[in-house]
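Residue numbers (numbering that gives the first Met the number 0), protein chains in the order written: chain A, 0 to 118; chain B, 0 to 478.
Since the hints were derived computationally from the structure, they do not count as laboratory data.
All residues carry an ideal CB built from backbone N, CA and C; glycine is no exception.
Hints should not be assumed to be uniformly reliable.
What the hints assert, rightly or not - Heads up, incomplete: computed chain A residues facing chain B, CB under 8 Å, no partners named:
| hint | residue |
| --- | --- |
| 1 | Ser-10 |
| 2 | Glu-45 |
| 3 | Lys-80 |
| 4 | His-86 |
Unchecked claim - Restricting the straight-line Cα-Cα distance to at most 25 Å, the calculated cross-link-like pairs of lysine-lysine (BS3-like) are:
| hint | chain 1 | residue 1 | chain 2 | residue 2 |
| --- | --- | --- | --- | --- |
| 5 | B | Lys-219 | A | Lys-16 |
| 6 | B | Lys-317 | A | Lys-44 |
| 7 | A | Lys-18 | B | Lys-219 |
| 8 | B | Lys-380 | A | Lys-79 |
| 9 | B | Lys-317 | B | Lys-439 |
One letter stands for each residue in the lines below.
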Amino acid sequence: MKLSRVEIITSTSKIEKLKNSIARFGISGMTVFQAMGCGVQLGTKEYEAEQNEEPSLLPKEMVMLIVPTERLNDFLEFVKKELYTGHIGDGKIFISEISNIVRVRTGEEGYDALISGKD
Amino acid sequence: MEAANETKAPNMGLASAIATGVGLIVATSCLLSLGQGSAAIGTTFIISMAIACALNIITALSMAELNALMPNLTGGLAQYTLACMGPFVSVIAMVGGYLVCNTMIASTECAMFGNTLKSVITQVNIPSSAYCIALLVVLIISNLNGVDVFAKIQDIMAYGLIISLTVMGFLGMTKLGSGTPVKQPAVLSSNFTDIASFCGLAFFLFIGCEFVIPISNKVKNARRNIPLGMILSLLIVMGMQVMLVLGFHNYVDWKQLGRSTTPHILYGSLLLGKAGVIWMAIVSIFAVTSTVNTIISSLSYIAKGMAKIKMLPKVFAKSNKKGAPYVSVLTIGGAMIVINATGLSTSSQLSFLILTGCVFWMIAYVISHCNVLILRHRLPKAPRTFKVPGGPVLPLIGMIGTVWMIYNISSNPAERTNIYLLCLIIFAALAVYAVIWIKKVMKRKLFKALPLKEVMAMENELYLTYHDNKSETGRQRKI
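Start from the sequences, fold in the hints, and give me the full structure.
Quick look at the structure:
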């Protein structure tokens, strides 16, 4: 089974709701990083009149998770709707293919390493 | 403190959303229109109502999609239109179609409240305008206390109204009233031209469900509850009014109904005698209070939203400690008090003006359908938590159907011409205001749509502060 890595960068205020929504979608495993960053606005707040001339890093959260590629499109639609407010700072989603996953404890690989096994 | 209020967790449910919708849709003047339509063509007026209701459901769907793409905007259609067609259309649609039109309609509703009380309380000679002003003062104070009080009042008023009209309609429909049923034909005209010519009148029975949208940031699970609340409001109103039409057929002579200026009181009298009169008077009071309360609250939030996007002076965006836009509440409520105090709202010209206002309201609906199609073209991939099904078909049907309703605003050709004429005059006056305000104050191009992200940013309380400071800095640099 093909697997894809999804990395979602969004504002810190949305992380709790996003975490619960991802679980509701049926994905239990995720890794959350606290991060600092900015996008094309260089950290300018949406209501500010002048754009920053130098990048201003804002606190963000990054969620990394693995999704079976066949469920990827449904998952992206779901996450987009969950994060959407229409305002600058809703977030970005990065998608990449991964070649393999290994569960260290059992040595299981691929999709088996993601799901709850017998042992 | 203000920011804390802005981010307060949603506390209103689906029931409150429905109450808000029903509260504005059903008004005493609607009961009058219902009586006039039924008396003219009989129970086939239900077909006109069904067509009007269907078109309003399509409008509700379009509004829900716009709200899904640009959520939690206090100005609603003003901000959608600003992002789609630019400030000129937005000012015309909002000032003409909403603020002026609804302030007048609510003032007329207040006048009917006063007249109803004066006709019931005959022992003391209190002028009807005193009742109107007392009601307005109470509603202004409750609205100044924020949305919690608003929701409590709204629920009580709207559900009292729904239950009363449903029971009265059911008793009449099933001939369970204590009065004597009349024998008369159910259908006075089955000609589709006649039915079509009353669609404009029927449209007025369902107008206003979009007032649920400004409170969407106060509603729990707004994605589901806002569109559902609007559609259920319309269907509940349709159900109640169908029963009332059938009740009219069973208890009120069509000619007598057509002549009456208070058909609901007449119906109550013929259905249940004196008890029916008192009950219908209470229903009218519910209807008026509910409608005026919703209009004061919703228009205030819309005015606040318009101030945020510089369409009105920024003082309208100010909120008090309870989160209520107090300047807007006081201005809109105050305007209604002045209109009622001068007696303007009781004149026959005002009812004519209401129909004219409805045309502007319908134009605002046509614009909302256009907005849906424009945003689908501009942002086809943007996530929408709600999308009108069937691609562009329903918004197009909504646009064409609403224009057709404008054409059928009155069954009398002479009156229709006069309405169009007055609309043109009001449009010209609003156009002058819009051009001056947009050029001198907003300093924008008349028809250039604003980027969506800028309209969304305008919602933030700090937007005006930062952008006003920028203007000041710019002026100082020039000096």
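These are the hints, each one checked on the structure:
{"no.": "1", "hint": "Ser-10", "verdict": "violated, 14 Å"}
{"no.": "2", "hint": "Glu-45", "verdict": "holds, 4 Å"}
{"no.": "3", "hint": "Lys-80", "verdict": "holds, 5 Å"}
{"no.": "4", "hint": "His-86", "verdict": "holds, 5 Å"}
{"no.": "5", "hint": "B:Lys-219 / A:Lys-16", "verdict": "holds, 14 Å"}
{"no.": "6", "hint": "B:Lys-317 / A:Lys-44", "verdict": "holds, 22 Å"}
{"no.": "7", "hint": "A:Lys-18 / B:Lys-219", "verdict": "holds, 19 Å"}
{"no.": "8", "hint": "B:Lys-380 / A:Lys-79", "verdict": "holds, 10 Å"}
{"no.": "9", "hint": "B:Lys-317 / B:Lys-439", "verdict": "holds, 22 Å"}
When the structure is compared with the earlier hints, a violation turns up for hint 1 alone.
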